[in-house]
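J.: For the protein sequence lines, the chains are A and B, in the order given. Take the first sequence: its position 261, counting from 1, is numbered 261 in our numbering, and each next residue is one higher. Take the second sequence: its position 165, counting from 1, is numbered 165 in our numbering, and each next residue is one higher.
Don't take each hint at face value.
Estimated spans, in silico, between C-beta atoms of each pair [unchecked claim]: (1) B:L111 with A:A221: 33 to 39 Å; (2) B:L111 with A:D368: 56 to 62 Å; (3) B:L127 with A:D107: 57 to 63 Å; (4) A:E123 with B:N9: 20 to 26 Å; (5) A:Y17 with B:A118: 43 to 49 Å; (6) B:T178 with A:D107: 19 to 25 Å.
These are computed hints drawn from the structure, not numbers from a lab. None of the values given here were measured: they were computed from a predicted structure. Glycine included, C-beta positions come from ideal geometry on N, C-alpha and C.
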Amino acid sequence: MAQITFDSVSKTYEGGYAAVRDLDLDIKDGEFMVLVGPSGCGKSTALRMIAGLEEITGGELRINGRIANGLAPRDRDIAMVFQSYALYPHLTVAQNIGFGLRTRQVDRATIDRKVRETAELLELTEYLGRKPAKLSGGQRQRVAMGRALVRSPNAFLMDEPLSNLDARLRGQMRSEIAKLQRMTAVTTIYVTHDQVEAMTMGDRVAVMNRGTIQQLDTPRALYDRPKNLFVASFIGSPPMNFLRGTVEAAEGPAVRLGDTLLRLDPRHAGLGQGRPVILGIRPEAMRVGGDSGGLSATAAFVEDLGATLLLHLENAELDIVPPNVAEDDVDLNVVRPRLRAVTEGTARIARDEVVRLAVAPEAIHVFDPASGEAL
Amino acid sequence: MSSLALKHNIARRTALLVITILFLLPVAWLISTAWKSSDDIFSIPPGLLFNPSLTQFNSVFAYFDVWSLLRSSVIISAGTVVLSLLLGIPAGYALARSTSKAAIGFAYFFLAIRMVPAVAALIPFYLMMRDLGLLGTWWSVVIINTMLNTAFVTWMMFSYFRAMPRDLEEAAMTDGCTQLGSFFKVAIPSARSGIIASVLFCVMFSWNDFLYPMFLTRLDTKPLSVALLTAYGTKDITWGTLGALAHFSTIPIVLMALFLNRYFVQGATAGVH
């Protein structure tokens, strides 16, 4: 069991590129901590620092209160699951799982017993004699998990362990890993770029960008109260809509967006008249067919997802800011940003139909356009 | 199979057959020569049917100490292989895992050593061996062959290790290995086919090496490859004896290639870039 502390830890490469800057993070004993962010945000570097695979160029890393900056990987008693699984190709499944015990000179009988127990837990018993090349992707992933589990280490480090699996298997393994972690109560640090994994698995989630933590909070708090534009756009799928507007006081705080005036929550009463702001509204917070006073927009196209409809809406009056998150459709969105709204699958909305959208004042996030911070 | 695919297949197989015959004809001639009596060897047209005789083999055993020749060939090849791997594998690994940009340059420099014409190195090396008192010993041939083959093994293993994900060694280190331990327990076993291919190349190079042992060995240390030349008499060439002796020099290599063929192809193609 371990408590892991980053005390203004940095990693700067020889060329001057800073992968991690002044990272402060306190991971509690037994916690499931998720590091999430786009590629190149420093999350994997931070993880590899804990493993001892990446040299720390500044600050202190402590494991159980002991400075670990210069500790060799094998002296940290930490197990890591790699994105590529990194299974030893020349060893059988059983030998792969037992490898860490063998290097630590555990006696044969104990190794055999532990390997069998672990294999049973992961439903790998019938594959114990096979080589990794003869396994499916999901089975390889489970062997990689087994290799970590069998040792009862100080901490589990997982570097995008599910990204090589197909969607169905990923969903299954997601809950499986979360369950195993609760069962073993071993401190786990999990790196992913997938915000769904971050939301569903972590006790706490650190959203990272450009080598620093943007926000460290529970998944619910990240979703409900994002601290800045980056977190707001990264957490949630489909991503939040952002609209430029100016503050206007009617009976209570409100924001003018083109022709429409959107009412804000009373907590925003302190915003100065005429102040430019960016509003953040989640697609699922938009109620289609609302009464007057809401936004109106034309359906550019409708994605029928079965349970829900995802509407892509246009309105030339609105100044829509594209979310600054790398997504598949990001290019399209930058060229021609659209509003997105989610509604029930039973609703019948055709292309080019004008849709009225109501938004509850408490569901509107307000950000400062210059700093990107939540107001 | 469609008729087009069938035609394609027939054409391809015919081409393969022609090429194979072309390559195997000299070998077939060599082998048949060894089993013919001296009269049959020069019969024109060459007879496809003949009474196999052991005369040529008998004269080989009468004139040559075949076992001594075989022993020399085996010692020279084995010594070269062991030393080349011992030096070349760690060197290739170190270059592959180096973060220096010069590493690739070094690796190709090593390959270039292998391309140095053998004759160019012969005279200085001969003098060095003479001064060291190693002239005429197996050591002299083993050392020069090791030098050339280590260069090749280094380059080959460099390509191989570079293509191998670093994750494997990192996993071994988090699993409790030292850096050296991860090299021995994970990197080397994972590179098995590359190593076997290196062994094959080294054996082929040193088993077939003629020039160096020709000048560096004496009567009791000379290998098969050199002995083959002595079948050339001063007045004529005893083709039959040559053919029979060639059996001993060819069969071990052919057998080895047959058994390790799988690794040979894998090693020669994987990771080379």
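J.: Per the hint of 33 to 39 Å, is the separation of the Cβ atoms of L111 of chain B and A221 of chain A within bounds?
T.: Since L111 of chain B and A221 of chain A have Cβ atoms about 59 Å apart, the given range 33 to 39 Å is violated.
J.: Do the Cβ positions of L111 of chain B and D368 of chain A conform to the proposed distance bound of 56 to 62 Å?
T.: holds, 60 Å
J.: So the hint says 57 to 63 Å: do the beta-carbon atoms of L127 of chain B and D107 of chain A match that?
T.: holds, 59 Å
J.: A range of 43 to 49 Å was offered for this pair. Does it hold for the Cβ distance of Y17 of chain A and A118 of chain B?
T.: Cβ of Y17 of chain A to Cβ of A118 of chain B: about 48 Å, so the range 43 to 49 Å holds.
J.: When you take the CB atoms of E123 of chain A and N9 of chain B, is the distance between them in 20 to 26 Å?
T.: violated, 45 Å
J.: With respect to the beta-carbon atoms only, verify the hint that T178 of chain B and D107 of chain A lie 19 to 25 Å apart.
T.: With a Cβ separation near 21 Å, T178 of chain B and D107 of chain A satisfy 19 to 25 Å, so the hint holds.
The earlier numbered hints that this structure contradicts are 1 and 4.
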